[in-house]
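Just so we're aligned, residue 1 is where the sequence shown starts under UniProt numbering, counting upward by one.
Hints are computed from structural coordinates only; laboratory data are not their basis. There's no promise every hint is true.
To be verified - With beta-carbon atoms standing in for the labels, derived distance ranges: (1) 52 / 4: 17 to 23 Å; (2) 64 / 7: 30 to 36 Å; (3) 106 / 16: 18 to 24 Å; (4) 1 / 39: 18 to 24 Å; (5) 26 / 64: 35 to 41 Å; (6) 68 / 10: 17 to 23 Å; (7) 76 / 39: 30 to 36 Å; (8) 1 / 38: 20 to 26 Å; (9) 104 / 38: 28 to 34 Å; (10) 28 / 92: 25 to 31 Å; (11) 8 / 82: 15 to 21 Å.
Here the structure is a predicted model, which is why all the values come from computation and not from measurement. Heads up, the beta-carbon is just placed ideally off N, CA and C, and yes, glycines get one too.
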Amino acid sequence: MKPVAFDEAETYEPDEGWRRVSMAGSNRFSFEWFEKPPGHSSPMHDHENEQVCLCLKGELTVVSEDDEVTLQKNDSVLLEANEPHRVENTGDERAVGLDVFAPGRSFDFWTDREE
């Protein structure tokens with residue numbers, strides 16, 4: 001067993017107000033808790049990992065090249081590997097979500113990213 005205490009977990013902020021926290025996981029899958037301020041959007045991007053985005057609080061709009069879906073509390077969406085997408089807080093309050101990646105990934109995806 002490998003517990004991860006939320007207050008002691010690895011944390012980073014790719015943009016101001018966009019915080020990500022690495023939760024328990026492995027090379028096979030990983031979990032990242034995140035929060036976004038109103039109006040914040042990640043840039044359009046893709047990755048080799050399949051991703052499930054689960055909205056825990058607020059409103060998150062997930063946009064791909066072909067589609068768009070707005071998630072409310074407890075809604076989720078599957079993004080296929082290499083599917084270009086972005087996630088935006090389109091609500092009026094801080095949004096909180098959980099991303100699950102398979103295979104797992106490290107924070108290097110955002111911290112070592114070239115614009």
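So, going through the hints one by one against the coordinates:
{"no.": "1", "hint": "52 / 4: 17 to 23 Å", "verdict": "holds, 19 Å"}
{"no.": "2", "hint": "64 / 7: 30 to 36 Å", "verdict": "holds, 34 Å"}
{"no.": "3", "hint": "106 / 16: 18 to 24 Å", "verdict": "holds, 22 Å"}
{"no.": "4", "hint": "1 / 39: 18 to 24 Å", "verdict": "violated, 39 Å"}
{"no.": "5", "hint": "26 / 64: 35 to 41 Å", "verdict": "violated, 27 Å"}
{"no.": "6", "hint": "68 / 10: 17 to 23 Å", "verdict": "violated, 31 Å"}
{"no.": "7", "hint": "76 / 39: 30 to 36 Å", "verdict": "violated, 22 Å"}
{"no.": "8", "hint": "1 / 38: 20 to 26 Å", "verdict": "violated, 38 Å"}
{"no.": "9", "hint": "104 / 38: 28 to 34 Å", "verdict": "holds, 30 Å"}
{"no.": "10", "hint": "28 / 92: 25 to 31 Å", "verdict": "violated, 37 Å"}
{"no.": "11", "hint": "8 / 82: 15 to 21 Å", "verdict": "violated, 33 Å"}
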